[in-house]
Structure formats: structure tokens, C-alpha cells
Amino acid sequence: MNYLLRGIGVVTTVGMISLLSFSLPSPSGEARGDGGSNTLPRLTHKNWQQECASCHIAYAPAFLPKASWRRVMGGLDQHFGENASLDPVTQADILRFLEANAADAGTSRMGNRVMQGMDAKAAPLRVTETRWFVRKHDEVSRAVWSRKSVGSAANCAACHRQAEQGVFDEDTVNIPK
Amino acid sequence: MIKSLFRSSLAMLSMVSAVAMAADSPASLMAHYAATAGVPVSALSATRGETLYRTEHPGRNAQAVSCASCHTANPTQPGRTRVGKQIEPLAPAANPQRFTDAAKVEKWFRRNCTDVLQRECSAQEKGDFIAWLSQTK
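Quick mapping for you: the protein sequence lines, in order, are chains Z and S. Going by my numbering, 44 is the number at position 44 of the first sequence; the sequence numbering is gapless. Converting from the second sequence to my numbering requires adding 1000 to each position, the first position being numbered 1.
Among these hints, one or two may not hold up.
The calculated PhoX-like cross-link candidates involving lysine-lysine, where the alpha carbons are at most 25 Å apart (straight line), are [stated by the list, open to error]:
1) LYS66/Z <-> LYS136/Z
2) LYS136/Z <-> LYS121/Z
3) LYS136/Z <-> LYS148/Z
4) LYS136/Z <-> LYS177/Z
5) LYS136/Z <-> LYS1085/S
6) LYS1107/S <-> LYS1085/S
7) LYS46/Z <-> LYS1107/S
8) LYS1104/S <-> LYS1137/S
9) LYS1085/S <-> LYS46/Z
10) LYS66/Z <-> LYS46/Z
11) LYS148/Z <-> LYS121/Z
12) LYS1085/S <-> LYS148/Z
13) LYS1137/S <-> LYS1085/S
14) LYS46/Z <-> LYS1104/S
15) LYS1104/S <-> LYS1085/S
16) LYS121/Z <-> LYS66/Z
17) LYS177/Z <-> LYS1085/S
Distance windows between CB atoms, simulated [as the list claims (entries may be wrong)]:
18) GLN1135/S <-> ALA157/Z: 29 to 37 Å
19) ASP171/Z <-> ALA1062/S: 39 to 47 Å
20) ASP171/Z <-> GLN1077/S: 15 to 23 Å
21) GLU1120/S <-> SER152/Z: 26 to 34 Å
22) ALA1102/S <-> LEU125/Z: 28 to 36 Å
23) ALA143/Z <-> ASN1061/S: 18 to 26 Å
24) GLU1056/S <-> THR128/Z: 42 to 50 Å
Only some residues are given here: those of chain S computed to face chain Z with a beta carbon under 10 Å [stated by the list, open to error]:
25) HIS1057
26) ARG1060
27) TRP1108
28) ARG1110
Honestly, the hints are just simulated from the structure, not real lab data. A virtual CB, placed ideally from N, CA and C, is assigned to each residue, including glycine.
Looking at chain Z on its own, in the form it has when it is part of the complex:
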């Protein structure tokens, strides 16, 4: 009887611990595998997904190096001509997540590609300014970017139909008329 009770206790404790370790969100977001150089690791981070995706898709941390994210998050009151200011706690929380998964954090193959050919001290503010982005889009004409259905080069999801899921493979591209 005593052994039985003790056994139940052990099983419950182990079960609780493993449950906890699976359900606790990691502070830096949880990378669920790296899908290669055109697919981003699936990341979950509540504030990043909620706040950054209000006006545009939540741009992946792997699109820019840490130094860029520090500049972006340090100037949210003048964010590309708009006031996107946040309370200090949320702002710091998002920056920590962006830095931990940035292009130069070594956590994704897409990030490694972004860093190729980038000056170590460079801190571009726009993803579209990176050599990686320019090279990847060199066959897209200016007229396409300015189409009403596209809006701007910042609107990834206009053509990359699975951008919100982090998928940028060429066969998922569909340029609207």
C-alpha cells in the first residue's frame, strides 16, 4: 500500500514536471526547427505577434541583425513616419525576442543568408535595404511594387501568400495584377 502510494506520487511529480516544461513559454520564443533558407523557423512570441502585426506582417527577426532591431525598437515613436510607440515593458520584451532570433544570432539558415555580404557594423532599418533582399528580388520591376494590389515592397504577403506562416519558397509566390 505504502509503495503503491509512493509510486503514484512519483508518477504524478514526473508528469507535472514534464507538463510544466512543455507548457512554459521560453522567454526568447521557441524555434521549432529550421525549414531551410526560404522558410523561417516557426516562432511564437505573444507581444511580437500582436504588436508588430497590427500594421504589417510581423517581420521575422531573422530578416535583420541585432543592431538593426535595436535601432528600430529605439525609434518607435517615429516608425517610418508613423507613431508606433509602445509601453516600455512591452518594447523591451519584444526587443529581447528580436535579438535572440536576429539574422546574426545564428538560429536560422535564412538569417545566415541575410548576413552574407552584410558589413559587420551595418544596421539597416529596412529589410528592403539589405543586399539579400535586393538580390532575391532583382527580377521584380518597379512597376510591380507600386501596383495598388501590392502597395509597397514592405507588404510581403501581397505576393508571398504564406508569408505569415514564415514560408517564402518561390512556388508560394503569386504576384497580383
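With the hints as your guide, set chain S onto chain Z.
Using the frame of chain Z, we list chain S on its own:
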């Protein structure tokens, strides 16, 4: 013992439901902004709210901006951000999620008033704005 346990769990339950019921609404926000402005709720004006929504102001690149620039002339319709992402309708009639979270409402007034008006909006203006939108069908 059992009775007191029961009583305390009942008290806990009612506390939890009180928190759940504390969600904001257009009416509670109007009451809040009217009180902050020091006027009765009846002094809020839907007409002034609509004027605030539609009035154009000089923006960047000499382009006129108003709330309607992104939220469109009809706030029961979806709008579009400058980047091209869809904005869910602003009028509660078309989008019941609107004006149900005071912190969110304050965040967007702070951001968008400074973008459109180059200043923060007053409590009276915020109340007028919600008064108009909550009666827009």
C-alpha cells in the same frame, strides 16, 4: 470547516467573475472620457466626433491626412494601413471587438492623434469620437 471552505470558494468565484465582467465597452469608455473631461456623458457629441474623424490635416509630403485616410470614409468597412495590411472596421456595429479594451483604445488614440493632428487628443475628443462611431450603422 466545510461550510467556511464553501463560502470562501464562493467568494473566490464571484471575484473571478467580477474581473471577467470588468471588460470595457463603448458606453463605459464614453463615461470614462466624459468624467475625465469633467462633463456629463450627455455633453459628448457624435457630430463633433464625425468632424474629428473626417477633417483633413496637413501630413507628410504635403499630403492631407485624416482618420478616414486609413479607416476609409465609411468606418463600417475595412481599412488599409500604409503598408497594405487590412484594418478591421472601426465601428462596433461591424466589429464588436472595438472599444472593449481601454489600454488598446488609449494606445491607438495616442499613436494616431499624434500622426493625424500632430498632438494628443483631449478626453472630450476621444469621448465624441466613440459617441459617433458607436451609433454608426
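Legend entry - 25 Å limit on alpha-carbon distance, applied to hinted pair LYS66/Z and LYS46/Z: holds, 20 Å
Inset, instruction - Return the status of the interface hint for TRP1108/S: holds when the least beta-carbon distance to chain Z is below 10 Å, violated otherwise. - result: Hint on TRP1108/S: holds, closest Cβ of chain Z at ~9 Å, below 10 Å.
Inset, instruction - Could you tell me whether the CB distance from GLU1056/S to THR128/Z stays inside 42 to 50 Å? - result: Violated - the Cβ-Cβ distance for GLU1056/S and THR128/Z, about 29 Å, lies outside 42 to 50 Å.
Legend entry - Interface hint status, ARG1060/S versus chain Z (Cβ within 10 Å): holds, 5 Å
Inset, instruction - Would you check the hint for LYS136/Z and LYS177/Z, treating anything up to 25 Å between C-alpha atoms as holding? - result: holds, 20 Å
Legend entry - Holds or violated: LYS1104/S to LYS1137/S, with C-alpha atoms at most 25 Å apart: OK: LYS1104/S and LYS1137/S at ~22 Å, within 25 Å.
Legend entry - Satisfaction of hint between LYS148/Z and LYS136/Z, Cα-Cα up to 25 Å: holds, 22 Å
Inset, instruction - Check the following: the C-beta atoms of ALA143/Z and ASN1061/S are separated by a distance inside 18 to 26 Å. - result: The hinted range 18 to 26 Å holds for ALA143/Z and ASN1061/S, with Cβ atoms some 21 Å apart.
Legend entry - Straight-line alpha-carbon gap LYS121/Z to LYS66/Z, limit 25 Å: holds, 10 Å
Legend entry - Range hint compliance [Cβ, ALA1102/S to LEU125/Z, 28 to 36 Å]: holds, 32 Å
Legend entry - Pairwise hint evaluation, LYS1085/S against LYS136/Z, where the allowed Cα distance is 25 Å at most: Holds, because 22 Å separates the two Cα atoms, which is no more than 25 Å.
Inset, instruction - For the pair supplied as a hint, LYS66/Z and LYS136/Z, confirm whether the alpha-carbon distance does not exceed 25 Å. - result: Distance of about 21 Å is within 25 Å: holds.
Violated hints for the displayed structure, listed by number in ascending order: 11, 20, 24, 25.
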